[in-house]
Amino acid sequence: MSRAIIFDTETTGIDEPEIIEAAWIEPDSVHSLSEDKIKEIFHRRFEPNKTISLSAMAVHHIMDEDLIG
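When we follow the numbering used here, the leftmost residue of the sequence shown carries the number 1, and every step to the right adds one.
Please note that a few of the clues may not be correct.
[What the hints assert, rightly or not] Computed list of lysine to aspartate or glutamate pairs in DMTMM-like fashion (alpha-carbon distance at most 20 Å, straight line): (1) K50 - D15; (2) K50 - E26; (3) K50 - D64; (4) K50 - E40; (5) K39 - E18; (6) K39 - E65; (7) K50 - D66; (8) K50 - E18; (9) K50 - D28; (10) K37 - E26; (11) K39 - D28.
[Claimed, not checked] The calculated label-pair distances, taken between Cβ atoms and stated as ranges, are: (12) S34 - F7: 17 to 25 Å; (13) S55 - H31: 31 to 39 Å; (14) D64 - F7: 34 to 42 Å.
Simulated from the structure, these hints should not be mistaken for lab results. All figures in this text were calculated on a predicted structure; none of them were measured in a lab. For glycine and all other residues, C-beta sits at the position ideal for the given N, C-alpha and C.
Let's have the full structure, built from the sequences with the hints guiding it.
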């Protein structure tokens with residue numbers, strides 16, 4: 001039986017990037033990604049030690065203020 005995990009991250013930018021968001025899903029089957037067939041979902045945001053670059057914000061629309069607290 002095949003297993004798939006779809007993983008995505010967002011970072012502070014290209015220069016010495018820090019991860020600010022990580023997420024993954026694990027579908028029940030590699031043949032279906034419908035919402036009712038998702039086995040596991042993970043989503044978490046992290047507060048970085050540096051500010052997010054403007055170019056990174058333009059891509060993922062996450063601002064420094066979104067990560068405080």
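Results for each hint:
1. A threshold of 20 Å between alpha carbons decides the hint, and for K50 with D15 the separation of about 11 Å falls inside it, so the pair holds.
2. Simply put, K50 and E26 have alpha-carbon atoms about 31 Å apart, too far for the 20 Å limit, and the pair is violated.
3. This hinted pair checks out: K50 and D64 have alpha carbons roughly 9 Å apart, not beyond 20 Å.
4. Straight-line distance between C-alpha atoms of K50 and E40 comes to about 31 Å, which puts the hinted pair past the 20 Å bound.
5. Under the criterion of a C-alpha separation no larger than 20 Å, the hint pairing K39 with E18 is inconsistent with the structure, at around 28 Å.
6. Under the criterion of a C-alpha separation no larger than 20 Å, the hint pairing K39 with E65 is inconsistent with the structure, at around 32 Å.
7. Among the hinted pairs, K50 with D66 is consistent with the structure: their alpha-carbon atoms are about 14 Å apart, no more than 20 Å.
8. Note on K50 and E18: the hinted pairing holds, with a Cα-Cα distance of about 8 Å set against a maximum of 20 Å.
9. The hinted pair formed by K50 and D28 fails the criterion: a straight-line CA distance of about 37 Å is larger than 20 Å.
10. Restraint check for K37 and E26: the C-alpha separation of about 9 Å stays at or below 20 Å, so the hint holds.
11. At most 20 Å may separate the alpha-carbon atoms for a hinted pair to count; K39 and D28 meet this at roughly 5 Å.
12. Taking the beta carbon of each, S34 and F7 are about 19 Å apart, inside 17 to 25 Å as hinted.
13. Taking 31 to 39 Å as the suggested C-beta distance range, the pair S55 and H31 conforms, at roughly 36 Å.
14. One distance hint, 34 to 42 Å for the beta-carbon pair D64 and F7, is violated here, with the actual separation near 24 Å.
In summary, the structure is inconsistent with hints 2, 4, 5, 6, 9 and 14 from the numbered list given earlier, while agreeing with the others.
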